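Novice: The chain contents come next:
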Amino acid sequence: MQTGIQFRGTLPANQTARWYTFNWNPASYVIWTVVPDSINTSAPEVNWSVAVQRTSATAVTYWISITNTTNASVDIEARYAIFP
Amino acid sequence: MAINFTDHGGTVIQFVRAYLIFWGSAWSNNPPPTPTSVEVTDSMNRIVSGGYLTGLAQYRGVGQGYILGTHTVNISNPPNSFTDTQVANLISGLIGAGTIPNLDADNQTLYIVFMPSGINSATSGVIGEHTYYTNSSGKRVHFAWVTNDGTLSSISIIASHEIAESMSDPEGSAILGDAGTCSGDGWCEIGDVCEGNDGTVNGTSVQSLWSQSARRCVVFDYPTQTYPFVGTQFTGTVAANSSARWYTFNWASWQQVGWTVVPTTVNSAGAQLSWSVAVQRTAGSYITYWITVTNNTSEAVTFEGRYVVLGRWQ
Numbered sequence: 423m424q425t426g427i428q429f430r431g432t433l434p435a436n437q438t439a440r441w442y443t444f445n446w447n448p449a450s451y452v453i454w455t456v457v458p459d460s461i462n463t464s465a466p467e468v469n470w471s472v473a474v475q476r477t478s479a480t481a482v483t484y485w486i487s488i489t490n491t492t493n494a495s496v497d498i499e500a501r502y503a504i505f506p
Numbered sequence: 060m061a062i063n064f065t066d067h068g069g070t071v072i073q074f075v076r077a078y079l080i081f082w083g084s085a086w087s088n089n090p091p092p093t094p095t096s097v098e099v100t101d102s103m104n105r106i107v108s109g110g111y112l113t114g115l116a117q118y119r120g121v122g123q124g125y126i127l128g129t130h131t132v133n134i135s136n137p138p139n140s141f142t143d144t145q146v147a148n149l150i151s152g153l154i155g156a157g158t159i160p161n162l163d164a165d166n167q168t169l170y171i172v173f174m175p176s177g178i179n180s181a182t183s184g185v186i187g188e189h190t191y192y193t194n195s196s197g198k199r200v201h202f203a204w205v206t207n208d209g210t211l212s213s214i215s216i217i218a219s220h221e222i223a224e225s226m227s228d229p230e231g232s233a234i235l236g237d238a239g240t241c242s243g244d245g246w247c248e249i250g251d252v253c254e255g256n257d258g259t260v261n262g263t264s265v266q267s268l269w270s271q272s273a274r275r276c277v278v279f280d281y282p283t284q285t286y287p288f289v290g291t292q293f294t295g296t297v298a299a300n301s302s303a304r305w306y307t308f309n310w311a312s313w314q315q316v317g318w319t320v321v322p323t324t325v326n327s328a329g330a331q332l333s334w335s336v337a338v339q340r341t342a343g344s345y346i347t348y349w350i351t352v353t354n355n356t357s358e359a360v361t362f363e364g365r366y367v368v369l370g371r372w373q
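The listed protein sequences derive, respectively, from chains A and B. Everything in the first sequence is counted per our numbering, starting at 423 for the first residue and increasing by one. Everything in the second sequence is counted per our numbering, starting at 60 for the first residue and increasing by one.
Here chain B stands alone, though its shape is the one from the complex (with noise of 0.2 Å):
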C-alpha cells in the first residue's frame, strides 16, 4: 500500500520550546561523557532554529522554534530498562520542585530527556520515543526521550525525529499515516517511515521525514535564496487626510522583511505618506504583515508597497 498521511486535525505544536534534561551523573564526569551535553545542545539548536523544521509548513503551518533552557540531573540516575512512566516522573519532579520552568501558556513546550549512554529503554530496540503524560491541572505535558550510543550523530538523528513527530503529533491525533502506511506498532508518523535516510542540516546529523506534498521522504532544509532582494507587493490607494490598512500573509517566519512605502503620485508640495507595520504570527512558519498607510495631504495619494528581504538566520 502507498504511504499517505492524514490530518486528523489534533494539536500540534506550532513553535516549540524545547527545553533539554540531561538524565544522570555521568552527563558531569570528569572528563566529560562523549558527546557533552554542550555538543547535544549546540546539535539540538542546529535542529530546532534552523531549516530541518521548516519543511514542517505543510503540517498546518508546524515551523520552528528554540531551545529554552537545559537541565542536568545529577542527584539521580535512569534506571536500565527504562519506562515512559519513569520519564514523566522525572518531568514532573523536576517541574514541581520549580527545578526547570513549567508549561507555557500556550503549551508550546517540549520537554526531551537524554539518556547516558548505555541506558536502554524497557521496550526492545526502541531507541527514541515522544508521548505526552496530563498534569495536575489537566493539561497534556509533550516529552520525548532519546537514548545514547556515545556519538553525536546517532543522537541527533533521533532527536531530529521525535522533535519532528513531537511537532506534528503530539498526541496522536494529528498528522498520521493511513492504515498500512506503517508496519510496526503506536502512532505512524512522519519519521517513522523515513528512518534509515538521514542526512545534515546546519551543520547537524538529522533524519528525513515524510513530505506529503513530495510524497516522498526528504531531508528539509531552507531554499536556496539569495538575499536580500526586493518587490513590490502591493499598489493602493489613500484618500485625502485619512489612513488605510493592507495585510499580507504567508511570509517565511525564518525571514527578515522590511516595509516601505513610495508615493507615485506626484506633489511638489510636502510630505504625502507615512506608514507603520504591525505583525501577526498566524503559524509557527507564517507571519502576516499589517501595513497601515497615512495621506498626510488633502489630496488622494496612490502608492506602492515594497518589500526587502533581508536575510534569514541559521
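Just chain A, same shape as in the assembly (with noise of 0.2 Å):
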C-alpha cells in the first residue's frame, strides 16, 4: 500500500471549502481521511466528503469538501492510501 499526504490548506472558521486533486489511476483504490494540524483540546475540527469524477477513461478526479467545524481557523492535511 502507497500512503502519503496530497495537499495541505488552511479552513477558515465554520467554513467549507473544496479541494481536487486529478489524473488518478481509475484501477487503483484510493481511501481519502483528513486530519487538523492545528492543535485543539477541547473539541472536534474537521469533518470532510469525497466525491468522484471520472474525467476519461484513464483518469479520476476525487473531490475533497472538509469543513471547519470550530470558531477559529484550522490548518489541515489530506492523506491518501492506494490499495495496489
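The set of hints was computed from the structure by calculation and includes no laboratory data. Small disclaimer: the values here were computed from a predicted structure and weren't measured. Errors might be hidden in some of the hints.
[As the list claims (entries may be wrong)] Here's a subset of chain B near chain A, in silico, CB distances under 10 Å, partners left out:
| id | residue |
| --- | --- |
| 1 | Phe74 |
| 2 | Tyr191 |
| 3 | Pro282 |
| 4 | Tyr286 |
| 5 | Val289 |
| 6 | Val316 |
| 7 | Gly317 |
| 8 | Ala337 |
| 9 | Thr341 |
| 10 | Gly343 |
| 11 | Trp349 |
[Stated by the list, open to error] Covered, in the sense of this in silico footprint (three residues per stretch, anywhere, with C-beta under 8 Å from a C-beta of chain B), are these stretches of chain A:
| id | segment |
| --- | --- |
| 12 | 425–438 |
| 13 | 452–459 |
| 14 | 463–473 |
| 15 | 495–504 |
Ideal Cβ placement from N, Cα and C applies to all residues, glycine included.
Dock the two chains into a complex; use the hints.
Specialist: Here it is as C-alpha cells:
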C-alpha cells in the first residue's frame, strides 16, 4: 500500500472548502482521510466528504470537501492510501 | 547523579513547521557546495516528517511536522564568530521584508538557519543552538542555527538535536534535566545528554535523544508494524430514529485510520445505520476520532465501530 499527504491547506472558522486532485488511476482503490494540523484540546475540528469524477477512461478526479466545525482557523492535511 | 528530566510546564512546539534559511552566497556557488541546500532540505524533511520525532510523544504529546519552506540569503554572509543576536536580526529582517513568512497563528514555526562551511559561532566549541527572540508584537520567535563542516551527516545530526530540543523546550521552560543531569551551561535538554550517540532514521543521520520513559538515549523511529490492520474499537446501541456520538482518543497522528460501522442487530427491511467521522488533533502526536452513528429505523440497533489502520508514511 502507498500512503501520503496530497495537500495541505487552511480553513477559516466555520467554513467548508473544496479541493480537487486529478489524474488518479481509476484502477486503484484510493481512500481519503483528513487530519487537522492545528492543535485543539476541546472539540472535534473537521469533517470531510469525497466526491469522484471520471474525467476520461484512464483518469479520475477526487473532490474533497472539508468543513471546519470550530470558531477558529484550522490547518488541515489530506491523506491518501492507495491499495494495489 | 542519575539523569532525570522533568516537565516544567512551559511552551512546547507540538507540530513543527520548519522554515529553512541558508545564509550566505556560498550556498549558491557554481558548482554548488557539498552538501547542497537541496540535500540538506531533503534531510530535514526526513527528520521532521519521519519516525524520528515520534518518540517525543512522551513529552506532552509533541509530534512531527513538515518543512514550511526554504530561502537562500545571497545578499549577505554570516560573519565568522557570529552570535545569536546576529542570527535573530537576520530572521527578523527577512520577516520584516516579507521575504519569509511571519509566525503562524499558533506559533508552531521554527526558523532554522544553516551556515556555510567554515563559519563558526562566537561561542567556542558550540556547533548548533536553539533559542528565541521577542518580536515587536511581543511574540516569541523560535529559531535554531546549525554550523557546517562540509558533510551532510554532521549537519543533519546537529539539526536533529536542535529540532527535537526546540520542540520539547523552545524557551528553556518545558522539558528540562534536573539539577546535576547536565554538566555544561545553558538549558539542560534531551539532546544534550545524548551527544555522540547517533543513528540513521528514514535514510538520514540523526542524534539519539533522552527517553524519560525508557531512561536511556534512544534513536526514535516508528514501531515495527505490518499494515493494514483492523479491529473493533467499540460497540454500542443507538435508539430508534436518533443519532449518538462516540469518541476514541490517542490515535497516532502518523497513522492513517478509516472507520466503518456495522450493525449486529438483524433487520431485513432496509438500511439501518449511517455514520460520519470528525477529527481532532489534541496534540502533535495524537488524534481523537468522533464517530456519529445515525439509526434510520424504528427500533434500537446495536453495532460495532470498526477501524482499519491503512498505513503510515515516510
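Novice: Could you check if Tyr191 (chain B) really has its C-beta closer than 10 Å to a C-beta on chain A?
Specialist: Since chain A brings no Cβ nearer than about 19 Å to Tyr191 (chain B), farther than 10 Å, the hint is violated.
Novice: Does Phe74 (chain B) pass the interface hint, meaning its C-beta sits closer than 10 Å to a C-beta of chain A?
Specialist: 6 Å, holds
Novice: Tell me if Val289 (chain B) is really an interface residue toward chain A, meaning its C-beta lies closer than 10 Å to one of theirs.
Specialist: Violated: closest Cβ of chain A sits about 13 Å from Val289 (chain B), beyond 10 Å.
Novice: Holds or violated: the hint that Trp349 (chain B) contacts chain A, with Cβ atoms closer than 10 Å.
Specialist: Hint holds; Trp349 (chain B) Cβ to chain A Cβ min 4 Å, cut 10 Å.
Novice: Under 10 Å, Cβ to Cβ, is where Gly343 (chain B) needs to be relative to chain A, so tell me if that hint holds or is violated.
Specialist: It holds, given that the least Cβ distance between Gly343 (chain B) and chain A is near 7 Å, below 10 Å.
Novice: Classify the hint on Ala337 (chain B) as holds or violated, based on whether any CB of chain A lies nearer than 10 Å to its CB.
Specialist: 4 Å, holds
Novice: Examine the segment 463–473 of chain A: at least three residues should have C-beta closer than 8 Å to a C-beta of chain B.
Specialist: holds (count 6)
Novice: Given as covered by chain B, does the segment 495–504 of chain A meet the bar of three residues or more with CB within less than 8 Å?
Specialist: holds (count 4)
Novice: Just to be careful: measuring from the Cβ of Pro282 (chain B) to every Cβ in chain A, is the smallest value less than 10 Å?
Specialist: Cβ of Pro282 (chain B) sits 16 Å from chain A, so the hint is violated.
Novice: Against chain A, is Tyr286 (chain B) within 10 Å by beta-carbon distance?
Specialist: 6 Å, holds
Novice: Verify the interface restraint on Val316 (chain B): the C-beta must sit less than 10 Å from at least one C-beta of chain A.
Specialist: 7 Å, holds
Novice: Was the hint right that Gly317 (chain B) lines chain A, CB cutoff 10 Å?
Specialist: 6 Å, holds
When held up to the earlier numbered hints, the structure conflicts with 2, 3 and 5 and fits the remainder.
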